Structure formats: structure tokens, C-alpha cells
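Protein chains in written order, with our numbering: chain A, 1 to 264; chain B, 1 to 275; chain C, 1 to 305.
Warning: the hint list may mix true and false statements.
Stated by the list, open to error - On the chain A side, residues computed to face chain C include the following (Cβ under 8 Å):
1) Thr157
2) Arg164
3) Arg248
4) Trp252
Unchecked claim - Chain A residues, not near chain B, derived (Cβ > 12 Å throughout):
5) Lys57
6) Thr59
7) Ser60
8) Arg162
Claimed, not checked - Cβ pair distances, simulated, as ranges:
9) A:Leu66 <-> B:Ala29: 36 to 46 Å
10) A:Ala30 <-> B:Leu178: 52 to 62 Å
11) A:Thr2 <-> C:Thr169: 26 to 36 Å
12) B:Tyr174 <-> A:Asn36: 47 to 57 Å
13) A:Ala120 <-> C:His168: 48 to 58 Å
It should be emphasised that the hints constitute simulated quantities derived from the structure, not laboratory data.
These figures come from a predicted structure and were not determined experimentally.
Cβ coordinates follow ideal geometry from the N, Cα and C atoms, glycine included.
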Amino acid sequence: MTTSMLWRAGRRLLLIAGLPAVLITAWWLATANSTNFYWPPLRTIVEVFGPTWLEGKLTSDVLPSLARLGVGYLAALALGIGIGVAIGSSTTLRATVEPVLEFFRAIPPPVLVPILILFAGIGDGMKVLVIVSGAIWPILLNTVEGVRSIDEVLRDTAACYRFRTRTRLTTLILRGASPQIMTGARQALSIAIILMVISEMFAASNGLGFTIIQFQRSFALPQMWSGIILLGLIGVALSLLFRLVETRVLAWYFGQRDTQQSGA
Amino acid sequence: MTTAPPTTAPAATDTRRGRGIPHGALGAAGFAGLILLLELLPRAGVVDARFLPPFTEMAVALSDQLASPAFWDALVATLRGWIIGLAIAMAAGVSAGILIGSVPALRAATASTIEFLRPIPSVALIPLAVLLFGTDMRSTLLLVVYASFWQVLVQVLYGVTDVDPIARDTARSYRFSLWRQVRTVLWPTALPYVMTGFRLAAAVALILEITGELIIGSPGLGNAIAVAKSSGAVDTMYALVIVTGVIGVGVNLAARFTERRALRWHPSIRREVAA
Amino acid sequence: MTQSPRKTPKDSDIMSIVSTLTRSTPEPAMSTDDTGQHTPMLDVRGLRKVYASGKRSVEAVRDLTFGVDPGELVCLVGPSGCGKTTLLRCISGLLETTSGEVVLEGKRVSGPPEGMAVVFQEYGRSLFPWLTVWQNVELPLKEKGISRAERKRLTTESLAAVGLADFHTAHPWQLSGGMQQRVAIARAVAYEPHVLLMDEPFAAVDAQTRGELEDLVRALWERLGVTVLFVTHDIDEAVYLGQRVVILSSSPTVVLEDVTIDLPAERDQLTTRSLPRFTELRAHVYERVQQAKQGNRPSTPTATS
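Next comes chain A alone, as it looks inside the complex (with noise of 0.2 Å):
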């Protein structure tokens, strides 16, 4: 009993693990005496990882940078749920506005860089703003969706027993849009994540894109390497705790669908 449960812990961990682990290890062995510029031994970036970024940077650029994405994601969040239930309430307003949301939407999100640089300057708020224009649009888009496709015999339930505003806002609306409402955060965090980066690129003074930059102008091929293995992990670590979030606020819903699925 407790073996075969150990084994199955075993295979589960096997397969989980294995395939990274093969990767990695070709990695390693490739390029163990690799003296080829561009590709490093990986034991050399694993060995500047360490003082490349944990020391001082993790405060000077690291932390700066994961500050901004946070505030203006954060910002995009709330102001893209907030316009799109208004948009979203409103059949007049809606048709008005959407065509013109759709075309903000279509333009590729770093192009709007240049345009921002001339209006707030380079400075942090500058990058808040890149990351915000970016993002908002598909939480904003999709929150539209989600409040118009609210069932109309539950937005009826609501009216029959006269809930008042507050309620109608927090029970009905939010948490009926709230499946496209995650769809629409899911897009906008891989938006403000490449938006981080970009706005760094293009001008600033510190923070991870910036730096990765310096590292590759100045052929630090090992630091830049681990650069792009860090923003690699916060990427990953970021659509982990997503997740998470996702899990905890969408349980309804993702347990109604199984019983549809399944029952169907």
C-alpha cells in the first residue's frame, strides 16, 4: 500500500521533474568548456547569477522595476474594471464606444512608448503610464463582455428582491463578470510584464530591462544571460501566483463547469 503510493509519489515527481532536469543537465554538459562567446558555460551564469543581481541590484533595479509593474497593473486593474462596468451597463454607451476601445486594443501596446516619453518624460511615471495603457485594455474589453452577458434572469432575481446598489454592484456584477474579468487580467499581466521590460529598454536609468541592455552593450555575456534567466522566473513565479489568485476567486466557477462538463 504504502509502497505503491510512494512509487506513484515517485512517478508523479519523475515526470514533473524529469524533463527540466534532462534540459538542464544538456545545457550544463554543452557548454561546460564551451569558450564560444555567445554561449557560455551555464555554470558561469549560475555563478554570476548570485552577485549579478542579488547583491545591490535587487534593490537598485530589481525591486524598482517589480514596483512599477506592480502600480501599474494594479492602476490598470482598477481602472479598466471600473470604466468596463460602466461600459458595460450601458447598451448606448457600449456600441458607442467599443469600435473605438477595439482600434486603442489593436495597437500593438509598445508603440504607445514613444508617444508617452513625450508626455510625462522618462521617469518612473512614465513607465507606470506605459504599463497601464497597455494593460487596460483587455480587462477593460473584457469586462464590457462580461457585465453585458450577466444572465438576464439573474440581473431580474436581483431587481425582484430591490437589492440596493452596493449589493447589485458587488454580487451581481462583479462576480458575474468575474470569469472574463480574470481572462481579460490573465492577458494583461503578460502585457505589463513585456511593457516593464520594454519601457526599461528604451530609456531609463535603472531597473532589469535597463540593465540586461547594459549588460549586452557592454558584451557581459554571462550577466546578461542571467538576466534573461531572472525575468524568465518572474515571469513564471508571477503566472504561478496568478493562479493562485485565479483558483481561489473563480472556485464557482470552475466547479460548475466540471459538473457541466461531466453531467452533460
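With chain A held as given, fit chains B and C onto it using these hints.
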């Protein structure tokens, strides 16, 4: 379980519809309002005209652009990079997806790796691309392919999982050849997902193509925007940004149209898989 | 997988549970006005509803007049697509009338009125999937400003009354269709309405569950003395449940006939449905509905009782 029959009364839609103004007209009014705002804000001095030129000036700059061969070269370069990148990502994503998806062991073994590689921001590869290819279009292509590959792969994987096990067993019991199994059982089921992947990848590829041009400096509209910005041609910059938006809308519409066409026969045009 | 009900209450259970449910609210508004004249609980006068969208306009309801007395159980029946849902939405204040008026307890309805609860046909869509069964029932009480202790009592009792005492923490989508509709009924009952509107509430549940739910409605109505307006397209159901059956024409809707159901007050699925009088009444209503389907309309506007 019986589902609720459709609501009988037209009441539901009727009460919430506007006062009979067609939605197309309202949308046009929305754009007219935006243009008016873009014209009036700088003219009235609310916004510095050096930062936001009036719309008429953007329009003049745009018509200048449309008359210049350099603009068309840039446009062609952008579209070419987009199409090549998208094609590579589709080919790689679909074949990898079918391979991984139809071999359960492979699927289980790669799941964690895919989940790890997918959220890595593609722009992290910019410095590497620049070192490898300089400002060549291949630099941007690397970003485009990397970013859109995952969109396709993940959707194809969903699609392959969706194959009806009974259909698959039937095909096997009749000793269909492998190629035939893929063609008759797997592909029809996975096609809606492939098309969803195509639509998502098309949008992502365009964003990364223009981003790459802007940051790396490979030829294309993104680069043209960077040049306009550094030479202080603010109205041209806005004109080009508008062009990128129009292309973006065009790409979305075209992708949606292609999806509909390809799935005309399909019983349900599926919704995106939330995952 | 639909979670299998641990216990499906039988008719007898429901009766016994219902009898323990206590009623603490004052009786519904008086049935006579200042002049001593007889006033109905719910009065629909000359109601007309025209949908206008663009150049096209559709007359859904032409001229409806009928009343429901306090404590009465009235069924509205008509051919499918006869504007029943439109009518119900007008009465519940969800839809504005084109002309005519709906008066509830002497007050003209212009928006969802106090003291009215509605049970919709689409049980799966009228419950909040992100709330538990308990929260679904309790939320309207919170909105009404009822104290915590009282909310707890009302929610517990009404869930027990519909046989769902064991399902407080479940989510609606974990329950079967019939159980979901019970939750909706419990919610309406806990709200202590003076008038309960039911819009084809059992159209989407299976036949067996349907019989149980019909008896549940009769039992709750008898126990609570609430006025019930029950809309259905099922003639058997209308005759079995109602004290009166109002037969509607096809759209644009008018009242075809107002039939008094003189069956004994004590009804049960087996004996009541096999009474000769039940068969007669059903045949009569059936005939009128068939006529309505063929577009038969009264030559003069129908007057109320």
C-alpha cells in the same frame, strides 16, 4: 438533465436596447467623437500641441506617408515578418502539439516544461537576438516565433485531448494507418482549437513584430516610428501609430474571418478555452 | 456529476415539515378599502404592451383585466407564446406597460414592488452560482434590512420547509434541477412576500419531481396564506393547483375565460386527478386553449369578476 427552454418573450432584449439607433451609427459616432477630441484638445490648448498635434495634422502626415515609397517598404517589411513568423509558429506549434498530444507519456513528461517556458516574456530574448543577428529581420523573427509558438501549441494540446476516445478506439480497431488516424479522427476534432490558436497567435505575432522593429531597429513600421520619434516628427509618429492600429484591427478581423471559414462545417464555433 | 441527493423528501415529509413552519408576519393588507368596497390584492387593469424596435412594433398583450384576491391561488394558462412571460414581467414591475396599470395592495406598480417575490422558470439561471444555497436564500433578507437572528430563523425554516435542511453549504450547481427550484422557492418563501409570482416554475423539471413540487406549492400556500399567481402552459397543472384558472388567448393577449375550480381544497396527485370533476374542468380548459390556439378571441373585451 433538461435545460431551461429558451425565453419566449422578446422582452429581454427589447428593454435594454437603445432607442432604435443602429449600433453601427453609434460606433461611427464614437469614432467621430474621438477625432473631434483629438482635434480640439490641442487647438484649445488643453494639451500641448507639440505632444499631441491636432488630428488634421496627423491626417496630413498620414497622407504624406501614403505617398512615400519608404512607408510602403516599411509596411511590406512588417507584414512579411509577421506572415513568416506566424507561418513558422503555426507549423511548429501544430506538429509539436499533435506529436506531444497524441503520445500520453510524452504529454505527461513535457507538461511542466511547457508550463514553465510559456510565461517567459519573449522580450527577455531581445538582447540575445541582437547579439546573434544584429538589426537583421531575423532578430525580430525570433521574438515573433517564440511568442506565437506557445499560443498555437497550447491550443493544439487542448484540441488533441478533446478527441473522443471512442472515435479513436474505433479507428484503431479498424487498423487505420497512423496518418489516416490523424487525418480522419484527430485533425477534425482539433481544428477549432487550431483556429483559436491561429487567431491568438496572429495578434501576438503582430505585436512582437512591431515591438522588435521598434526596440531592435529591424526594418518595418516599428522602426519607422522610432525614426520619426528621434527626428521630432511627432505628427508622423502619430500617423504611423494609427496605421499600426488599423493593421491590428485588420489582422483581428481577417483571423476571425479565416476561423469562421475554416469551421463553417463545424457544429459549434467553440469559445476560447480558459485555462 | 450532479451530486446525488442524499435524501429526496417525499410528499408526506414536506407536509410535516411545512406544518412546523411558523408564520410571524402580519397578515397581508386588508381586503376592503375606505369605502368598504371589495379590493383585490393584485389588480391588473386594461394592461397593454407593445414592443417597439425600430420601425416594427409588435403588440404582445392587447387588453388584460383581472384581479387576484388576498390569499387566493390563481393560475394563468394559455397557448405557448401567448405573452405570459411579458404579462408576468409587467406585473412584477420589470417591464413598463404601454397602457393600463397593475395595482398591488392599492399601490400602482412602477418597478419591482415591495412584498412581491418571483420564482422564475429558469431555476439554473435565477440562483447565484457563486453563493451557497444558504447565502442565496439569505441575501434578499439582508437587502430587506432584516436582523441577523431573524434572517437565520427564516432561512433555516424555509430551507427545511422545502426539504433542503442538509444542503446549506452546497452551491446551486451541485444540486439536481428540482432541488435548485426548491432553493428558489425557499428564497421566495423566506422573503415573506404578500404576493408570490411563479413563472412556469416547473416547466424544466422532470415529471416526477414536478408532482412533488406542485404539492409543495399547495402546502406552502395553505400554510402561509400567501397570494399566489401561478403562470403555466400545462393545463393539468393549472387545474390541479388553482382555485381559479384564467385562460388567456394567443398573442396579442386578452382574457378568454375566468374559470372557478370547484375542487375540494384538500388535493393530492392521485385522488384529485382521478375525480370526474377534475376531468371535466381539464377538458373544458383544454378546449378553450385549443380554440385560443386557432386564434379564437372574444368579440367583446372581457370584464372581471
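Now the hints, each set against the structure:
The interface hint given for threonine 157 (chain A) holds, since its Cβ lies 5 Å from the closest Cβ of chain C, which is under the 8 Å cut-off. Among the interface hints, the one on arginine 164 (chain A) holds; its C-beta lies about 6 Å from the nearest C-beta in chain C, closer than the 8 Å criterion. The criterion of a C-beta within 8 Å of any C-beta in chain C is not met by arginine 248 (chain A), whose closest approach is roughly 12 Å, and the hint is violated. A hinted interface residue such as tryptophan 252 (chain A) counts as satisfied when its beta carbon comes closer than 8 Å to some beta carbon of chain C; here the least separation is about 4 Å, so the hint holds.
The Cβ of lysine 57 (chain A) sits about 16 Å from the closest Cβ of chain B, beyond the 12 Å cut-off, so the non-interface label holds. No Cβ of chain B comes within 12 Å of the Cβ of threonine 59 (chain A); the nearest lies about 21 Å off, and the non-interface call holds. Even its closest Cβ contact with chain B, about 19 Å, leaves serine 60 (chain A) beyond 12 Å, as expected for a residue assigned away from the interface. The non-interface label for arginine 162 (chain A) is consistent with chain B: the shortest C-beta to C-beta separation is roughly 18 Å, beyond 12 Å.
Judged by the Cβ atoms, the range 36 to 46 Å given for leucine 66 (chain A) and alanine 29 (chain B) holds: they are separated by roughly 42 Å. Under the hint 52 to 62 Å, the C-beta atoms of alanine 30 (chain A) and leucine 178 (chain B), about 32 Å apart, miss the expected range. Between threonine 2 (chain A) and threonine 169 (chain C) the beta carbons are some 33 Å apart, a value that agrees with the proposed interval 26 to 36 Å. About 52 Å separates the C-beta atoms of tyrosine 174 (chain B) and asparagine 36 (chain A), a value consistent with the hinted range of 47 to 57 Å.
Judged by the Cβ atoms, the range 48 to 58 Å given for alanine 120 (chain A) and histidine 168 (chain C) holds: they are separated by roughly 53 Å.
Hint check: violations occur at hints 3, 10; the rest are consistent with the structure.
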